[in-house]
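> Dock chain one against chain two, each of which comes alone in its own frame, and use the hints as you go.
Chains as they are written, first to last, in this note's numbering: chain A, 1 to 201; chain B, 202 to 494.
Some hints could be false.
[What the hints assert, rightly or not] Restricting the straight-line Cα-Cα distance to at most 27 Å, the calculated cross-link-like pairs of lysine-lysine (DSSO-like) are:
#1 A/Lys191 x B/Lys312
#2 B/Lys417 x A/Lys186
#3 B/Lys417 x A/Lys200
#4 B/Lys417 x A/Lys191
#5 A/Lys186 x A/Lys200
#6 B/Lys417 x A/Lys65
#7 B/Lys312 x A/Lys185
#8 A/Lys180 x B/Lys354
#9 B/Lys234 x A/Lys180
#10 A/Lys64 x B/Lys289
#11 B/Lys354 x A/Lys191
#12 B/Lys241 x A/Lys185
Hint data in this document are derived by calculation from the structure and do not stem from the laboratory. Every value quoted in this text rests on a predicted model; they were computed, and no experiment measured them.
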Amino acid sequence: MNLVVNTPIKDNVLEEVKVGDIVYLNGVLVTARDAAHERLLKHGFKLPITLKFLPIFHAGPIVKKTNDSWSIVSIGPTTSMRMESLEYDFIERTGIKMIIGKGGMGSRTAEACKKFKAVHAIFPGGCAVVAAERVKRVLGVEWLDLGVPEALWILEVENFGPLIVSIDTNGNNMFDERIKSINSKKFDMLKNLDRELSSKL
Amino acid sequence: MDALVRLLSNFIRTVAIRLPDDVLSALKELSSKESSYWGKAVYSLMFDNINLALEKGVPVCQDTGVLMFFIDVGTNFPYVNKLYDALKVATIKATEEVPLRPNVVEPFDEKNTGNNVGTRLPWIEWNIVPEADYVEITLYLAGGGTSLTGNAKVLPPASGFKGVIEFVLDVVSSYGLNACPPFLLGVGIGATVETAALLSKRALLRPIGSINPNPKAASLERILYEKVCGLEIGPQGLGGSTTVLGVNVEYSARHPATLAVGVSTGCWAHRRGVIKIKSDLTYELPLYKGVVL
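Isolated chain B (complex conformation) (with noise of 0.2 Å):
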């Protein structure tokens, strides 16, 4: 268990302090794109501070977040049993060690636990997969900025996706300023408010430039994506050309009588990294190339 402990804090680490390759990419391509005068001025202080992040070795934002796993465990996985207590003290040894700033706050004593695990938290979504002996963890630092834009609700199904694209810029244009742009947008769609919410979050696990597999859906992506950015929202809403890092739909089957959408946004220092973990404790981090843990 010491062993899968400490390589998952050392996961953890990399996540805080290095925006994985896609992220890195597409905010180079969007700086490159853009021509506002703060924008550009903004993008050279991002690149600065992810720099300077990297060099000292420590967190390229100050909120590192609630954190969130999603895991996909297979049925052999040796450690399967361990899983669980291996991430909760994984999370409590790095935000004493990398340090993370301490997150999370129980509602009721308006208590900060002060080692970021708390009543559900971290946070964990599991997903089996049958008779394979690896684990696969994408873990998601949801900042408070970004996630203040978080919204869902169940349309009546005459509202069609007119009313879908309507509720999504509404919740865009209201709170896509404070959600530190040029932001990566997900959008789910379900039977439910929770499934599409949840949906959502899962859209923003996609790689950066990802398109969603079924044509409709990936035609829904696109028209978000050229109306988001034609309200110019810009760098850390200051106007610009470049708002988003991309536009993601994930979606379930409905309810004949429901059409629930989801919002979430991702900052741009996209925290989300993925590890896969084998039976023998050897690893791959496909989003950070050349990277030992």
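So that you can see chain A by itself, here it is in the shape it has in the complex (with noise of 0.2 Å):
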């Protein structure tokens, strides 16, 4: 199924979507990283802006800096599973509704995505140019003091995606059964390595 998603996001339309699923989002793409999700949840910052009902976006972009506007140049995902110890905290503090990056994300995620309603999506990684292409605007920049890369950068977006769900509101994730199916692969491939190696190397 494609779906177009507004933000604010109401709390049913993200119901009926599925792993698998494509998104394509219009409106507030705010960025959060590891820095950011830290600051907020071990170093008891408040947020300066209030991401209720918002998406956020694991990335860090290259931007520039015209007279006093800032613009993005190239903004792709970054790797969601480095924030998955402090994600399931980040929802509940926060009431976001979708997190997008790249790669999947763990149990607990998909716990809090189940409970909060919340989805986990990606979009493709490396692809930051078409990415960019997607942001209309900057609308502002909070906590640069961590770095271009780790700043909430607030941004409006148009059709914005392909972002593919992996993880739904029902705490489905298309990750996990990922990694289960190349485990069991892996295990499978060891089984007569021994064997193997005494006729190859």
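Structure (structure tokens):
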């Protein structure tokens, strides 16, 4: 299923969305990665903006400043799994409805997605210029003292995608299945390794 | 020195925005082989992205990495004394002008330096070429996602190549999903943990499709290639038959008591470029046919 989602994301919009569906986003998207998660959850800072009903993007852009206005040069997803240990609490505290990143996330995040009716979706990694084209404007930036990659970049996006849903609001997790499949293939191929190597190496 | 800095910063720009010829043709070949639904969709977006980056003259990926220079410098290269400073200044200049993402964080201050220069960064590896009057510089922009895969371990020699293969597959099956596949897999074998790790990174600098001249090392490359493909990680980890751009093994002799193994991956946007600069500052770009800096 292909779906266009507008922000703020109303509570029931995502409930129909299943793992493997493709979402395109219109509205406001905020970047938040390692340091922003830690600053909120470990160092006790108050968020400078409200993220309730918004999507966040695990990403650190390349930006350009002309006079007083910022623009996005290149912005692709970063590895979501780095935020796994903090994402449950981040979802609970902020009320975000969507997490966009690269690769999968783990069982704690899936649990939070189920409980708080949020989803995780991936944007194909490295396709950062395509993504930058879908950013219409930089609405603002907060926590810039963390450095350009780690700051909260508040973006207006149009038709932002394709975003492939990897965790849905029922807690189904596409990458759980992927990891199980990869590990079972690895297990099988290591079984007869001794015999195989004696003939080849 | 100004001319050298300009040349180097233009070279950095080229590496950030344009994939080298060997990587492009390998990606084209892989995309023609991939039959999975998601795989094909991902390749199509990758090529859109590659073309758009060139058209707009901006970095192909937002993560322009930490800069790593691997240098073969002739002892008679007239700028040998200035080269270190020129590389640093060119890095700062390119960061501002391309622009690159400022990626250098001082670990004890938790501070991003903002210009891609910091303690021991950019990373520079030097080789001396006696009597030569040129310098050959390989630049690798090592992105974060694909660098997270990096791992190395010293095995007891009794583990043998079985232990090596198990270690590599453990690393790839745990982290490969996030390394922006199809990735290039580099494996280093050596005497100590850091030499194996460095050789695994050097393995990523070799041309795609090249084969180790030692027949047994080549055989290990083939075995690992088949096995990693067999995991069916697929483009962006979504499943499929194409998982790697290639598997390169580099090695040194080892200690009788150690068998060290290192693993590095290079994401699909494998930004590894080479420039050969002669004594009169004319240059060749063997991996970028038709490109003028």
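> When the hints from earlier in the document are held up against this structure, which numbers fail?
1, 6 and 7
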